[in-house]
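Asker: Chains as they are written, first to last, in the numbering used here: chain A, 1 to 349; chain B, 1001 to 1219.
There could be a bad hint or two in this list.
What the hints assert, rightly or not - Here are the in silico distance ranges between beta carbons for each label pair:
#, chain 1, residue 1, chain 2, residue 2, range
1, B, N1092, A, W204, 27 to 35 Å
2, B, P1027, A, S54, 41 to 49 Å
3, A, W204, B, E1111, 55 to 63 Å
4, B, F1023, A, F227, 40 to 48 Å
5, A, M49, B, L1197, 37 to 45 Å
6, B, N1211, A, T223, 25 to 33 Å
7, B, S1022, A, M49, 40 to 48 Å
8, A, F227, B, R1064, 48 to 56 Å
9, B, F1023, A, M49, 37 to 45 Å
10, B, G1140, A, A61, 34 to 42 Å
11, B, D1072, A, K237, 20 to 28 Å
12, B, R1206, A, T223, 27 to 35 Å
13, B, D1072, A, S54, 24 to 32 Å
14, A, A61, B, N1092, 51 to 59 Å
Think of the hints as simulated: they come from the structure by calculation, not from any bench. On a predicted model such as this, the values are computed, not experimentally measured, just so you know. All C-beta atoms in this analysis are idealised placements derived from N, C-alpha and C, irrespective of residue type, glycine included.
Residues per chain, in single letters:
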Amino acid sequence: MNDPRNSPLDRTQSNTAPAGAGKPTADPGKGADGGAGAKAPVRPLKSGMSIVPSETIAGTALVFVIGIMAFLACLTLGAVSLINSSANQWQSDISREVTIQIRPSDEVGMEDAIKQASRIALSFAGVSRVEALDDDATVRLLEPWLGTGLQLSELPVPRILTVTLAADAKPDFEGMRSRLESDVPGSSLDDHRAWVDRLTTMAWTMVAIGTAIFLLVMAATVTTVIFATRGAMAGNKDVVEVLHFVGADGRFIAAQFQKHFLVLGLKGALCGAVAAIFLFLVLGVWSSQSLATPEGDQISALFGTFSLSWSGYFGMLLVMVFVSVMTAMTSSWTVRSQVNLLQDYRRAS
Amino acid sequence: MIRFENVGLRYGLGREVLSDLSFDVRPKSFQFLTGPSGAGKTSLLRLMLMSIRPTRGLVHVFGREASTIRPDQMPILRRKIGVVFQDFRLLNHLTTFENVALPLQVRGKMEADYRQDVKDLLDWVGLGHRMHVLPPVLSGGEKQRAAIARALIDQPDILLADEPTGNVDPPLAARLLRLFIELHRSGTSVIIATHDLGLMDQFDARRLVLNSGRLQIYE
Ligand SMILES: Nc1ncnc2c1ncn2[C@@H]1O[C@H](COP(=O)(O)OP(=O)(O)OP(=O)(O)O)[C@@H](O)[C@H]1O
Ligand SMILES: [Mg+2]
């Protein structure tokens, strides 16, 4: 206790003195920093605790909520991307083909009508192939309705010609339609435009709905994080007050909380994203196995084969990063605005 | 450094705890603030610290009227004011060393740079062997010394100490007083709230005496 030195405040003296000079020799605190001369058991100077202890933050609940939110966000993203890619697939399939339907008529024989229609179609630029559905194929097409053992020649069945277009070609469908109608009685051209339009609308609607869901999920996440941060600050009122009195600015105080919230956000988002990725993988395997069944066919008609593209999985990882960064930023922003109130003299009671 | 103009304070709708205070705390000065328990010493220190606002009158700190200070400027001013709270306000989950180093950490200093200073100061206040323990296992007097060390560590321009010797024996109180005097000599304005007459007799300094809300000054 009876230190011969004048004062520890005399920094010029204590800093230039050789290390350990003038210190009480029996001071057990000496060398406690884990540095030199570690013969005695070293007692750490530091508690290993952060200024805001992580136990004071209701972390589990927050991780759970963020996990659910990230899961929903990834699910939305995955569904939108699946629907979008199947819609694109249909669209390109459909728009590379148009069909000509010829109803049987009394004026011309069916075979003549088919030849005539093929000639007309091939005369337009951009048409690469015209193929009449042969009798066997037509019979197979009609089988579910009319049963087996069908004789086409006995029935007034319309015939279908598929017209294959060259890639990216845009033939003059209007011209083709009017020539067919005038030259081949009972024929009609279907360029699937109505279908393509409807598909495009649907795909956009899906994207819009997905975006809306995504935004709602993010809004819910932000709100949750704001409340959790306020809760954490209330739980650490003493700490915040002391920091404030020893001269910490909002940035420093916010950083103490942000550390924890970044970790919590990462944990939650990781769990959510991994769960979503796992779900899509399982669905992909399941749907490829049940491809042959009618249910499988129906589902794969809407979602494709559930095989999410790499960009879909990558998008989910982005969602994960986004969710955790947003969690950290939201909490930081919340702390700063709360600290600003604390530091405002006009609000001091 | 600090100037009060006709400052009055009441809590809620209660009686006026402080009324019509006008005084100056000059740079590099030393003063005791005294008065019976409940006279308003802590309240006056809180006014100086700008943690509460007066009901009437103006408080100037570092030449600025307190209500003109923007929230983002407040930390800069607070860093020039060291405070010893009557109830210490140490962080119970941090070691004594970390508590005392907190003001430096908050200022963005590196531990390697201040470690020795913190240890020296802790040695000097007699806490050298207690620096790695948590405050809950410190005695009242030890906590008090840790709180004092935390207030002094960055050599503030103003030191506000609320009953800094209330929990220690007279020899240690004298030693702590020497520390405050040392700080004062190095250029800090020191304000010590105390009702320990023995302590005040040891150093001839200005006395601010609070009594039923009024302030008398003995130069
Ligand atoms: N937050 C508060 N709300 C209401 N009244 C308060 C508050 N703080 C203090 N008081 C009252 O103001 C008066 C002055 O209190 P203060 O703590 O400033 O006295 P003090 O001089 O520091 O006393 P002591 O010597 O016991 O520490 C007391 O009557 C107290 O009851
Ligand atoms: Mg008091």
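Asker: Next, verify each hint and record whether it holds.
Answerer: Now the hints, each set against the structure:
no. : hint                         : verdict
1   : B/N1092 / A/W204: 27 to 35 Å : 58 Å, violated
2   : B/P1027 / A/S54: 41 to 49 Å  : 43 Å, holds
3   : A/W204 / B/E1111: 55 to 63 Å : 57 Å, holds
4   : B/F1023 / A/F227: 40 to 48 Å : 45 Å, holds
5   : A/M49 / B/L1197: 37 to 45 Å  : 41 Å, holds
6   : B/N1211 / A/T223: 25 to 33 Å : 53 Å, violated
7   : B/S1022 / A/M49: 40 to 48 Å  : 45 Å, holds
8   : A/F227 / B/R1064: 48 to 56 Å : 36 Å, violated
9   : B/F1023 / A/M49: 37 to 45 Å  : 42 Å, holds
10  : B/G1140 / A/A61: 34 to 42 Å  : 38 Å, holds
11  : B/D1072 / A/K237: 20 to 28 Å : 21 Å, holds
12  : B/R1206 / A/T223: 27 to 35 Å : 55 Å, violated
13  : B/D1072 / A/S54: 24 to 32 Å  : 28 Å, holds
14  : A/A61 / B/N1092: 51 to 59 Å  : 24 Å, violated
In this structure, the earlier hints numbered 1, 6, 8, 12 and 14 are contradicted, and the remaining ones agree with it.
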